[in-house]
Amino acid sequence: MPELPEVETIRRDLVPRIVGRRFLGVTLKWPKMVLNPSPEAFSRRLVGQCIKELDRRGKYLIMRLASGEVLVLHFRMSGSLLLAPQDEPNAYCRAVFFLDDGVQLCFRDPRKLGKMWLVEDESVVVGGLGPEPLEPDFTPDTLAQSLANRSAPIKALLCDQSLLAGVGNMYADEALFAAGIHPLRRASSLSTGEIARLHNVLRRVLNEAIDSHGATISDYWRPDGEAGTAQFVFKVAHRGGQPCPVCATPIERIPIRGRGSCFCPNCQKESPGRSDF
DNA sequence: CCCGGAACCTGAAGGC
DNA sequence: TGCCTTCAGGTTCCGG
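Just add 734 to the spot in the first sequence (first one is 1) and you have our numbering.
Accuracy of the hints is not assured; some may be wrong.
Quick list of in silico lysine-lysine cross-link-like pairs, PhoX-like style, CA-CA up to 20 Å [stated by the list, open to error]:
| hint | residue 1 | residue 2 |
| --- | --- | --- |
| 1 | K846 | K786 |
| 2 | K849 | K763 |
| 3 | K849 | K969 |
| 4 | K763 | K786 |
| 5 | K766 | K846 |
Treat the hints as calculated values from the structure; they're not laboratory data. Remember, it's a predicted structure, so these values are computed and weren't measured experimentally.
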């Protein structure tokens, strides 16, 4: 599932391949994935446009076009953006972008949950996102303010895109393990020390995953079709039932807000850590 | 405002 | 062997 490290990997892989290229055509095989404008207008307005810059905001991939318009993509659960896929026709290819150097860019998405927008102002899509966790404006203080007076489980809030952009189920689990914090802890119960630790490990976990080119758990692939390797260094994410790498206690898996949450019941106690006082 | 749950989707996996 | 149910989870919407 593409979260921040996966989308950042897609962006970095694509920059040398598609910046400066022009769209010659677009084929929409699942028009419902286009949320703005109408699918017909989307294709008509995109053709002929030159890709000026690739950016990322949270889990959104942002293509800035020479005209000033912006093509925004979200991969949701199962989306990938593949360059010149070898296995055409691909049953899961929901949209194809034909570029002026002969390359095809295929939006592969088995579950059809991915979304695209063509807008003049990207803020209508990403305006509600919280700070970028790897940017300087994400500080222990801003995290503390986001968590103050909130009774929801910390795990749920870490996945709330309006508080912090780009963190999803996998990396929230990894960060909470690294910080030694139980995912069900009420956010407002975290100490200043715990919040500082969480802030620190969030950045570390995300940066390490980017270094590993993201995690290929199910349907995420790099644009060239290669898998990421971040899943091989996961300590708890997607590892329910397996032994904790630190203490060998079986990793538990419980639903939080309907999401499978993996943690070590020994390393991540439910009560606040005594060492913080 | 805040919290939790359903819906959108379909392939994979498990039960009988 | 094969049908059926359940699960996976990012985002949006809805109800309490």
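The hints, checked one at a time:
With a C-alpha separation of about 27 Å, the suggested pair K846 and K786 falls outside the 20 Å cut-off, and the hint is violated. Distance check on the hinted pair: K849 and K763 sit about 13 Å apart at the alpha-carbon level, within 20 Å; holds. Taken as a hint, the K849 and K969 pair is broken in the structure, with Cα atoms around 31 Å apart against an allowance of 20 Å. This hinted pair does not check out: K763 and K786 have alpha carbons roughly 26 Å apart, beyond 20 Å.
Among the hinted pairs, K766 with K846 is consistent with the structure: their alpha-carbon atoms are about 9 Å apart, no more than 20 Å.
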